[in-house]
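Engineer: Assemble the complex: chain A is given as a structure, and chains B and C must be docked to it using the hints.
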Amino acid sequence: MKAHTEYLRFHTRKRRDYVHITPQVQEVVARSGIKEGMALVSAMHITAGVYVNDHESGLIQDIDAWLEKLAPARPDYQHHQTGEDNGDAHLKALLINHEVIVPITAGKLDFGTWQRIFYAEFDGQRDKRVIVKVMGI
Amino acid sequence: MKAHTEYLRFHTRKRRDYVHITPQVQEVVARSGIKEGMALVSAMHITAGVYVNDHESGLIQDIDAWLEKLAPARPDYQHHQTGEDNGDAHLKALLINHEVIVPITAGKLDFGTWQRIFYAEFDGQRDKRVIVKVMGI
Amino acid sequence: MKAHTEYLRFHTRKRRDYVHITPQVQEVVARSGIKEGMALVSAMHITAGVYVNDHESGLIQDIDAWLEKLAPARPDYQHHQTGEDNGDAHLKALLINHEVIVPITAGKLDFGTWQRIFYAEFDGQRDKRVIVKVMGI
Numbered sequence: 023m024k025a026h027t028e029y030l031r032f033h034t035r036k037r038r039d040y041v042h043i044t045p046q047v048q049e050v051v052a053r054s055g056i057k058e059g060m061a062l063v064s065a066m067h068i069t070a071g072v073y074v075n076d077h078e079s080g081l082i083q084d085i086d087a088w089l090e091k092l093a094p095a096r097p098d099y100q101h102h103q104t105g106e107d108n109g110d111a112h113l114k115a116l117l118i119n120h121e122v123i124v125p126i127t128a129g130k131l132d133f134g135t136w137q138r139i140f141y142a143e144f145d146g147q148r149d150k151r152v153i154v155k156v157m158g159i
Numbered sequence: 023m024k025a026h027t028e029y030l031r032f033h034t035r036k037r038r039d040y041v042h043i044t045p046q047v048q049e050v051v052a053r054s055g056i057k058e059g060m061a062l063v064s065a066m067h068i069t070a071g072v073y074v075n076d077h078e079s080g081l082i083q084d085i086d087a088w089l090e091k092l093a094p095a096r097p098d099y100q101h102h103q104t105g106e107d108n109g110d111a112h113l114k115a116l117l118i119n120h121e122v123i124v125p126i127t128a129g130k131l132d133f134g135t136w137q138r139i140f141y142a143e144f145d146g147q148r149d150k151r152v153i154v155k156v157m158g159i
Numbered sequence: 023m024k025a026h027t028e029y030l031r032f033h034t035r036k037r038r039d040y041v042h043i044t045p046q047v048q049e050v051v052a053r054s055g056i057k058e059g060m061a062l063v064s065a066m067h068i069t070a071g072v073y074v075n076d077h078e079s080g081l082i083q084d085i086d087a088w089l090e091k092l093a094p095a096r097p098d099y100q101h102h103q104t105g106e107d108n109g110d111a112h113l114k115a116l117l118i119n120h121e122v123i124v125p126i127t128a129g130k131l132d133f134g135t136w137q138r139i140f141y142a143e144f145d146g147q148r149d150k151r152v153i154v155k156v157m158g159i
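If you're matching them up, the sequences are chains A, B and C in order.
Throughout the first sequence, residue numbering follows the working numbering, covering 23 to 159 in sequence.
Throughout the second sequence, residue numbering follows the working numbering, covering 23 to 159 in sequence.
Throughout the third sequence, residue numbering follows the working numbering, covering 23 to 159 in sequence.
Just so you know, these hints were derived from the structure itself, not from any lab.
As the structure is a prediction and not an experimental result, all values here were calculated from the model.
Take the hints with a grain of salt, since some may be wrong.
Identical chains blur together in the list; that is why a pair holds if it fits in one copy or across any two.
With a straight-line Cα cutoff of 25 Å, these simulated PhoX-like cross-link-like pairs (lysine-lysine) come out [as the list claims (entries may be wrong)]:
hint, residue 1, residue 2
1, LYS150, LYS36
2, LYS36, LYS91
3, LYS57, LYS91
4, LYS130, LYS24
5, LYS130, LYS36
6, LYS57, LYS24
Isolated chain A, as found in the complex (with noise of 0.2 Å):
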């Protein structure tokens, strides 16, 4: 078994913002050698996620608004007597998860046609990080 680990590193200059990395992660899934096995795609922070869906811009939007209504930016978080202003970034991480697993099948990932990997931004504007580790033979 190997195991292979790089870290993708962002930084947008949106607060919240998407961003398609499928062919970031199809690199380090190459330069792993690994043929047969998953690669681990993992938001490092609370207020960031990692999904699979659709790359098509109108989708984006819907997403956007779909997280904003059902983990909407307030100002009485209890979250926020910390100084914090940032409890929905938390909660819409929650939601659309900070992690996806995606199969590796000789070397390449094993997706369904319309299958892409994004990175999910809710406070954004500052440095960010992806781990991506990819396990097989």
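Structural biologist: Chains B and C alone, transformed into the frame defined by chain A:
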């Protein structure tokens, strides 16, 4: 380390459906010969999910009603400007999640008493697939 | 490849509770002797979850209120026709998710500064378990 991969196939009669797949996943694990490890069970589509919960018909109705309440079918998703009409199916899949990782101990799914794996279809009546990738020793 | 499995046990005094388990998971990883790999941390119940987020009491109150808003306790779930009264606990568990996979690098959880693992109990006051399965080299 060994890796073993199979694909489950679905073509539901209803647009939304919940299919119990624990026996099929256990059979894949048995065929893998793997005694200690993990199985990734992951929908290969962006309008379907995989989850673990109770195999109880009333609860499945509750889950369906709950997903429809939180991610309702609506005409006005931005995604529909592409000609699609399944914006809600994408959001439901994000809410329920498209994959689970299940532990394998002594050659079996190491589950609690009531845990069962379900395929959740949100845009069915067409061919769909789930990858089951088992890794371990 | 090595695999190492332990079970954490819970019996919360409250029906809903959020228990910080990062130290216990780190101890399991240390006992496994695994330096590079992943740990699956997964509730063995259908009314409990595991998530990664901030260890901050105000935020935990926000998370609890948010889960109750999106998946409220109500008398009229179909599931209650079985005699159960915990329909909301199933939905809360689906929302927060029942498992996480955490990366292990150099023998430690490869986490960002604020990432912590929590056991989320939604139908407590009884014995419950979480499996921690570590795989790697």
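Engineer: What label fits LYS57 with LYS91 when the C-alpha limit is 25 Å: within, between, both, or neither?
Structural biologist: Classified as neither; 41 Å inside a copy, 42 Å across copies.
Engineer: Can you give me the call for LYS130 and LYS36, within, between, both or neither, at a CA distance of at most 25 Å?
Structural biologist: neither (31 Å within a copy, 33 Å between copies)
Engineer: When no copy is named, should LYS36 and LYS91 be tagged within, between, both, or neither for a Cα gap of at most 25 Å?
Structural biologist: within (19 Å within a copy, 28 Å between copies)
Engineer: My question is about LYS57 and LYS24: at a cut-off of 25 Å on alpha-carbon distance, are they close within one copy, between copies, both, or neither?
Structural biologist: Cα proximity of LYS57 and LYS24: in one copy and across copies (10 Å, 12 Å).
Engineer: Since the copies are identical, ignore which copy is meant and state whether LYS150 and LYS36 lie within 25 Å (CA to CA) inside a copy, between copies, both or neither.
Structural biologist: Result: close within a single copy only, 13 Å intra versus 36 Å inter.
Engineer: As a check of your reading, is LYS130 near LYS24 (CA-CA no more than 25 Å) within one copy, between copies, both or neither?
Structural biologist: So LYS130 and LYS24 pass the 25 Å test inside a copy (16 Å) and across (17 Å) alike.
When held up to the earlier numbered hints, the structure conflicts with 3, 5 and fits the remainder.
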